[in-house]
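Asks: From the two separate chains plus the hints, produce the assembled complex.
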Amino acid sequence: MRQDSYGDPDRDDHLIRELYQEFGGPLLRQVRKTTGNDLQWAEDVVQETLVRAWRNSAKLTWEPGLLWAWLLTVARRIVIDGRRRRGVRPREVEAPEEDTIAVPDGSDRTLAAIVVADALRGLSAQHREVIEETYLRDRTVSEAAEILGIPPGTVKSRLFYALRALRSALKERGVAS
Amino acid sequence: MSASSEHFDVAAYALGVLDDDDVEAFERHLDGCAQCQSELLESHDVPGMLDAVKADSVSPERTRP
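These protein sequences, in sequence, are chains Z and A. Residue numbers for the first sequence, in numbering that gives the first Met the number 0: 0 to 176. Residue numbers for the second sequence, in numbering that gives the first Met the number 0: 0 to 64.
Be a bit skeptical, because a hint or two may be false.
[Said to hold, decoys possible] Partial pick of chain Z residues on the chain A-facing surface, computed with a CB cut under 8 Å:
1) K32
2) S141
3) K155
4) F159
5) L165
[Said to hold, decoys possible] A short, non-exhaustive set of chain A residues, derived as facing chain Z with CB atoms under 8 Å:
6) V16
7) L17
8) H28
9) L40
10) V45
11) G47
12) L49
[Unchecked claim] Sample of chain Z residues with no beta-carbon within 12 Å of chain A, all distances over it, derived:
13) R10
14) D11
15) Q20
No wet-lab data here; the hints were simulated from the structure. Nothing here was measured: the structure is a model prediction, and the numbers come from that model. Each residue gets a CB set at the ideal place from its N, CA and C atoms; glycine is no exception.
Chain A on its own, in the form it takes in the complex (with noise of 0.2 Å):
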């Protein structure tokens, strides 16, 4: 399957990195195309996997000096 411009979005938009100001123009696109949708299905789970290598997982508060 190959993706157009108008889809790219849908990867950024999975990872929570999409600039706010793309991001209620691209879930208006999602809303009708079935592409981005079974894109992100698939894609939902991968942020959770990152997370893993995501060395951050302490809180701000107990990283404060």
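So that you can see chain Z by itself, here it is in the shape it has in the complex (with noise of 0.2 Å):
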């Protein structure tokens, strides 16, 4: 995608309606995943993220998969961001039993939520603590550490190799590719 567009109205809306034609519709299906069924908070979402996109066009020379990659990563920023400051916190997940997962809206999402919550039981104690003290609990690596008590740099590393015995957790249960 282009990069040269910086200070020409015209062409910064051609970006924009570029990168609206391109992500638009898949990151609104990625997106609402974590929003539900609030469709307006995930427009304004996929947009933060795509003016965010536009703001860093050098980002835009990346490879299509890495772009997408990183378009994700900015989108969950944003909607962590945005349920911290409205005080939502996520609904307490401890180590997830078939009962006490997210409330189903499909059997889609059921037999995920079944096989994901099941490959998180069978991660270590401290891998799974360190997921659900971030991730699932939108908490950011310095906030887990204060909590944990141990160093961010900790759970950074935990994180790491916790993301990994996830992938290939899912991957022995053929959800992940």
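Replies: Rendered as structure tokens:
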């Protein structure tokens, strides 16, 4: 994608439109998984994500897979920030059991929840804990570090190996690429 | 593949939980690090799957009193 579009309002508009065309739909589908039925919120998140992409136009030269992964991380941070700003915390997620996992809103989602909860249960306690205390509770690394009483660097390294272990557990269950 | 500390941030980054102060530095690192790029590519759909067990998929508005 071009990145020579700064400064000219028409070209800026064009770039934003291009970003929407290419990523708007897929991003909205991903974001809605975290915002539930709140379509308006999801649309706001997509817009903010694409505006940030436009401001960081150097990233637009990244290869498509990486650019997509980057856009997802941007959207995720916006959702987490939004939820924190509005004072909404995810329901506490203890070592997930079948009967405590997310309220199902469709059979696909229910099945996914069961498989993912099962994969999480298969991780070591340390690995599961660090995923729960960060992503599943909308906490940043430094917040989780404080709660767990370990250095932020340790949270990061545990997360690194936890994510790898989770990936391979999901792969074993046939749900990850 | 082993990973030294400069590459650990990729997991927190992929999950969107890396602190803001670290994000910019990590993105600079990511730009030139093939190992982190491939780690990110492999991890980028995991958070989406974790959302299935994240029991908060209701909107903030809806949960307000």
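Asks: Take the hints in turn and mark each one as holding or not.
Replies: Each hint tested on the structure:
1. K32: Nearest chain A Cβ about 5 Å off; hint holds.
2. S141: Result: holds, 5 Å to nearest chain A Cβ.
3. K155: holds, 4 Å
4. F159: holds, 4 Å
5. L165: At about 6 Å, which falls below the 8 Å cut-off, the nearest Cβ of chain A leaves the hint on L165/Z intact, so it holds.
6. V16: Holds, because the Cβ-Cβ distance from V16/A to chain Z comes to roughly 4 Å (cut-off 8 Å).
7. L17: This hint holds: L17/A lies near chain Z, its Cβ roughly 6 Å from the closest one there, short of 8 Å.
8. H28: This hint is violated: H28/A lies away from chain Z, its Cβ roughly 13 Å from the closest one there, beyond 8 Å.
9. L40: Holds, because the Cβ-Cβ distance from L40/A to chain Z comes to roughly 5 Å (cut-off 8 Å).
10. V45: Because about 6 Å separates V45/A from the closest Cβ in chain Z, which is inside the 8 Å limit, the hint holds.
11. G47: holds, 6 Å
12. L49: Nearest chain Z Cβ about 6 Å off; hint holds.
13. R10: For R10/Z, whose nearest Cβ neighbour in chain A is about 24 Å away, the distance exceeds 12 Å, so it holds.
14. D11: Non-interface label on D11/Z holds, nearest chain A Cβ at 22 Å vs cutoff 12 Å.
15. Q20: It holds; Q20/Z is separated from chain A by about 21 Å at its closest Cβ, greater than 12 Å.
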